[in-house]
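Protein chains: 2
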Amino acid sequence: MASLSLPLQNHVFSATTPLIRSNPRPFAIPTKVRMSLQESGPSIAVAGVTGAVGQEFLSVLSDRDFPYRSIKMLASKRSAGRRLTFEDKDYVIEELSPESFEGVDIALFSAGGSISKEFGPIAVDRGTIVVDNSSAFRMDEQVPLVIPEVNPEAMENIKLGMGKGALIANPNCSTIICLMAATPLHRRAKVLRMVVSTYQAASGAGAAAMEELEQQTREVLDGRPPTCKIFKEQYAFNLFSHNASVLSNGYNEEEMKMVKETRKIWNYKDVRVTATCIRVPVMRAHAESVNLQFEKPLDEDTARDILKNAPGVVVIDDRASNHFPTPLEVSNKDAVAVGRIRRDLSQDGNQGLDIFVCGDQIRKGAALNAVQIAEMLL
Amino acid sequence: MASLSLPLQNHVFSATTPLIRSNPRPFAIPTKVRMSLQESGPSIAVAGVTGAVGQEFLSVLSDRDFPYRSIKMLASKRSAGRRLTFEDKDYVIEELSPESFEGVDIALFSAGGSISKEFGPIAVDRGTIVVDNSSAFRMDEQVPLVIPEVNPEAMENIKLGMGKGALIANPNCSTIICLMAATPLHRRAKVLRMVVSTYQAASGAGAAAMEELEQQTREVLDGRPPTCKIFKEQYAFNLFSHNASVLSNGYNEEEMKMVKETRKIWNYKDVRVTATCIRVPVMRAHAESVNLQFEKPLDEDTARDILKNAPGVVVIDDRASNHFPTPLEVSNKDAVAVGRIRRDLSQDGNQGLDIFVCGDQIRKGAALNAVQIAEMLL
Numbered sequence: 000m001a002s003l004s005l006p007l008q009n010h011v012f013s014a015t016t017p018l019i020r021s022n023p024r025p026f027a028i029p030t031k032v033r034m035s036l037q038e039s040g041p042s043i044a045v046a047g048v049t050g051a052v053g054q055e056f057l058s059v060l061s062d063r064d065f066p067y068r069s070i071k072m073l074a075s076k077r078s079a080g081r082r083l084t085f086e087d088k089d090y091v092i093e094e095l096s097p098e099s100f101e102g103v104d105i106a107l108f109s110a111g112g113s114i115s116k117e118f119g120p121i122a123v124d125r126g127t128i129v130v131d132n133s134s135a136f137r138m139d140e141q142v143p144l145v146i147p148e149v150n151p152e153a154m155e156n157i158k159l160g161m162g163k164g165a166l167i168a169n170p171n172c173s174t175i176i177c178l179m180a181a182t183p184l185h186r187r188a189k190v191l192r193m194v195v196s197t198y199q200a201a202s203g204a205g206a207a208a209m210e211e212l213e214q215q216t217r218e219v220l221d222g223r224p225p226t227c228k229i230f231k232e233q234y235a236f237n238l239f240s241h242n243a244s245v246l247s248n249g250y251n252e253e254e255m256k257m258v259k260e261t262r263k264i265w266n267y268k269d270v271r272v273t274a275t276c277i278r279v280p281v282m283r284a285h286a287e288s289v290n291l292q293f294e295k296p297l298d299e300d301t302a303r304d305i306l307k308n309a310p311g312v313v314v315i316d317d318r319a320s321n322h323f324p325t326p327l328e329v330s331n332k333d334a335v336a337v338g339r340i341r342r343d344l345s346q347d348g349n350q351g352l353d354i355f356v357c358g359d360q361i362r363k364g365a366a367l368n369a370v371q372i373a374e375m376l377l
Numbered sequence: 000m001a002s003l004s005l006p007l008q009n010h011v012f013s014a015t016t017p018l019i020r021s022n023p024r025p026f027a028i029p030t031k032v033r034m035s036l037q038e039s040g041p042s043i044a045v046a047g048v049t050g051a052v053g054q055e056f057l058s059v060l061s062d063r064d065f066p067y068r069s070i071k072m073l074a075s076k077r078s079a080g081r082r083l084t085f086e087d088k089d090y091v092i093e094e095l096s097p098e099s100f101e102g103v104d105i106a107l108f109s110a111g112g113s114i115s116k117e118f119g120p121i122a123v124d125r126g127t128i129v130v131d132n133s134s135a136f137r138m139d140e141q142v143p144l145v146i147p148e149v150n151p152e153a154m155e156n157i158k159l160g161m162g163k164g165a166l167i168a169n170p171n172c173s174t175i176i177c178l179m180a181a182t183p184l185h186r187r188a189k190v191l192r193m194v195v196s197t198y199q200a201a202s203g204a205g206a207a208a209m210e211e212l213e214q215q216t217r218e219v220l221d222g223r224p225p226t227c228k229i230f231k232e233q234y235a236f237n238l239f240s241h242n243a244s245v246l247s248n249g250y251n252e253e254e255m256k257m258v259k260e261t262r263k264i265w266n267y268k269d270v271r272v273t274a275t276c277i278r279v280p281v282m283r284a285h286a287e288s289v290n291l292q293f294e295k296p297l298d299e300d301t302a303r304d305i306l307k308n309a310p311g312v313v314v315i316d317d318r319a320s321n322h323f324p325t326p327l328e329v330s331n332k333d334a335v336a337v338g339r340i341r342r343d344l345s346q347d348g349n350q351g352l353d354i355f356v357c358g359d360q361i362r363k364g365a366a367l368n369a370v371q372i373a374e375m376l377l
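First to last, the protein sequences are chains A and B. Each step along the first sequence adds one to the number in numbering that gives the first Met the number 0, with nothing skipped, and position 302 is 301. Each step along the second sequence adds one to the number in numbering that gives the first Met the number 0, with nothing skipped, and position 54 is 53.
Check before you lean on any hint, since a few could be wrong.
Beta-carbon label-pair distances, calculated as ranges [unchecked claim]:
1) B/Glu98 - A/Asp298: 53 to 59 Å
2) A/Met375 - B/Thr301: 46 to 52 Å
3) B/Gly348 - A/Lys231: 41 to 47 Å
4) B/Pro120 - A/Asp300: 48 to 54 Å
5) B/Lys116 - A/Glu218: 42 to 48 Å
6) B/Pro120 - A/Asp221: 24 to 30 Å
7) A/Arg223 - B/Ser75: 52 to 58 Å
8) A/Asp347 - B/Glu101: 22 to 28 Å
9) A/Asp300 - B/Glu94: 49 to 55 Å
10) A/Pro224 - B/Ala319: 24 to 30 Å
11) B/Lys189 - A/Asp64: 25 to 31 Å
12) B/Ser113 - A/Asp317: 22 to 28 Å
13) B/Glu155 - A/Pro310: 56 to 62 Å
It should be emphasised that the hints constitute simulated quantities derived from the structure, not laboratory data. Keep in mind that this is a model prediction, so the values were computed, not measured. From the three backbone atoms N, C-alpha and C, an ideal C-beta is built for every residue, glycine too.
Chain A extracted, bound-state conformation:
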C-alpha cells in the first residue's frame, strides 16, 4: 500500500480506454482465480454501484481480495435491471429499497447524501454496518469519522457478528488526502495551524463532471462554446472556486469540511485550519498545498523521514530533477504522494513546513478508504 507499484504512466488515458473510464476493471474478467468469494466472508452490498465511486468500490474490493460470501449491487431505479460482471460472476443491479439490507453485514454507500440519510438508518436497523461515503453523518457525534491510518481507534467498538448495525463515515476526499500527509507530522510536532489551498479534480463532482470536462475541452479546442450542465461556467482550460454552497462566513461547504473534519478526526477541537478549495481541470486526483505551523520544531529532513515511513504515503521529493507529486502520477494509485517538503521561510526556525500533496480522489479519497474501514471490521 505504501508504494506506487505500477509503472509511472506518461499519459492518463490509453488509446483503448475511453477517457473517463481510466479504471476499466469493475466490468472486466479478472485474470487470476479470486479467493474473495468464500462462505466465511461477510455478505456485502454496494449502494450506488453505477457511480464513479461505486465502480471504484468494486475495483478496490477485487484488487484487495476482500472476502465476501455474497454481494448485492444496488442503485437507483434508473439502473435497476442492468447486468454487470464482477469477479467472473454475473449480477443484476437491484433497486435500493429497505429490504435490500436484509442479511447484509456490511454496506458501502456512495449514492449521495439524501440516499444515505434515508437508507443508512434503515440498514442499521436491520443490523448492517454502513460505511458511508457521503457527508450525511460525518459530523454526527455518534458516528465515527475514520481514516484507517489516522484514527482507527474511533471505530474500535464496532464489530461484525454482534448482530448490531452501525454507521461509520468516510471523510471528505480533500480531508483524507491532506490528513494522510499531515497526521504523521502532527503526531511528532503537533500542528497548531494549517493553511490549505486545494487543486481539485473533476471526479469529486462525479462521473458526469468528468465527462463534462472532456466534452468541454473538445468543444473549446474546436472553437465551439462549451456545454455547461454540471458546472455553471467553463471548466476546460479554466479553474474556479469549488462549486459547493458558500456559507454566511464566506467559506464554502467543502472548505468547512476540511476545517471541521480535521478537528473531529484528530479529536483536537482547537486546531486552527483554513482552506481555499478550487476546482482545476484535472480528471481524478486532487492536489493540495499545505502550510503547517507546529508547536514543536520539526526540520524538513526529519519530516521527510517521517513521511517516508508513514503507511499509505509515498515521498516524491526530488529537487534536482524537479520531480514532485502530480495528480496524474497518483491517478489509480492507492498511496498519497507528498513532496515539496521544505522549511517555511515565513516562520521562525523549524516551526513551520510547506508541503504539496496529491492523492487519487476516487481511490484513497473515497472507495479505498471505505474498503479499508470495512477491512478493519473483519
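On the provided structure of chain A, position chain B as indicated by the hints.
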C-alpha cells in the same frame, strides 16, 4: 482600468481565432484613427516583439494610445526581416544589436534574461530608458522594481529627456498579481505574513508552452501520448510544481521571486512571505490563493470596500451565486480580480483574511505593467 469593461466571455477562444492567439490585435488593422503616432512622443523600441509578451506590448500600446514618434520592432536573428503591421503602418522586424538603441528613448524588453543582461546596459549607455520584463535586474539595488499602482515613488528620479539612460524592472507576474490585491490591504492594516499558493497559466512559459498545452490536450483526447518539449511531463489534464529550478532551501526560483520581490516593492525587509507555485492547465491568466496575517485588525467588509476602490482592481465576490474570479474571466483584461474575501477562521478576531486573486499573466502580469511604467515617464 479599474473595470472589466468587455462582456464576460463564456469561452476562451472564438471559432475564428486560433487557440493561442486569444489576442489577435497586434497584427490587425485598427478600426479607429490612432493619435499615438505623433512627433512629440518618444521614440520607442520593443525587444522580443515576436514573443507572447512582445505581441502584447504592441496590443497594450495601441489600446492605450501610447504616444510615440517612432517604434522599432526588435527580435532575434531568426525573426529579422519578417514584416508586421502596427497601427496601419508596416514594419520590418530588425535583429537586436547594440546599434538598435541609437536615438531610442524608451525600450520595452521581453526577450529573456540573458538578452536583457547583454543588451540592457548597452541601451542604457546610449541614453535609453529600459523597462525590462525579465528577472535579470529585479533584485539589483540600483534598479527600481515597480508596480505603478503600488510603488511609483521608486522610479521618481527617472525622467525622459534628461539624456540619461536607466533600467526599470517589471516584477514577476505572480508578484504583480498578488501585490495588486495585497497592497491596498497592507496599507491599511500592515501585512505581517502572507502564505500564497499559485495556479499559474501556460503563458508564463511563453507562447510555445501555450501551444504545447493545446497540442497535448488534443493528443490526450485522441488517446495518443502527449508531446513534451517545453515541460518534461504531461501538462494536459494535469498540474505540476512550477518548472523553475529548485534552490537549496527547497523553494523554486518562482517562489523566491515572490518572497524577495515583495520585500523590495514594499520596501519592507521583514515581511514574512511563503509561496508554493504550481503550473495548472490554463492558457493565460494566473490565480492565487492568498492568506494574509495583519498587524492591525481588518474586517472583511472593510477589506472589500478598500479593494473596490483600489486602482486596477475589481472585486468579484458574489457568495449567493458562487461567482468569484476565474482565469478565464480576467483573460485579456487589464484589472486584477479579487474575491473569496473572508475572515480567516484560523486566526484570532480580524487579524487575518483569505482572498483569491486572478490576473492576466501576459497583460497586467507583464506587458500592461511595463507600458504603465513607460507612461509614468511621459
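Hints and how they fare:
no. : hint                            : in the structure
1   : B/Glu98 - A/Asp298: 53 to 59 Å  : holds, 55 Å
2   : A/Met375 - B/Thr301: 46 to 52 Å : holds, 49 Å
3   : B/Gly348 - A/Lys231: 41 to 47 Å : violated, 34 Å
4   : B/Pro120 - A/Asp300: 48 to 54 Å : violated, 42 Å
5   : B/Lys116 - A/Glu218: 42 to 48 Å : holds, 44 Å
6   : B/Pro120 - A/Asp221: 24 to 30 Å : violated, 48 Å
7   : A/Arg223 - B/Ser75: 52 to 58 Å  : violated, 36 Å
8   : A/Asp347 - B/Glu101: 22 to 28 Å : violated, 53 Å
9   : A/Asp300 - B/Glu94: 49 to 55 Å  : holds, 50 Å
10  : A/Pro224 - B/Ala319: 24 to 30 Å : holds, 25 Å
11  : B/Lys189 - A/Asp64: 25 to 31 Å  : violated, 59 Å
12  : B/Ser113 - A/Asp317: 22 to 28 Å : holds, 27 Å
13  : B/Glu155 - A/Pro310: 56 to 62 Å : holds, 59 Å
Hints 3, 4, 6, 7, 8, 11 from the list above are not met by this structure, while the remaining hints are.
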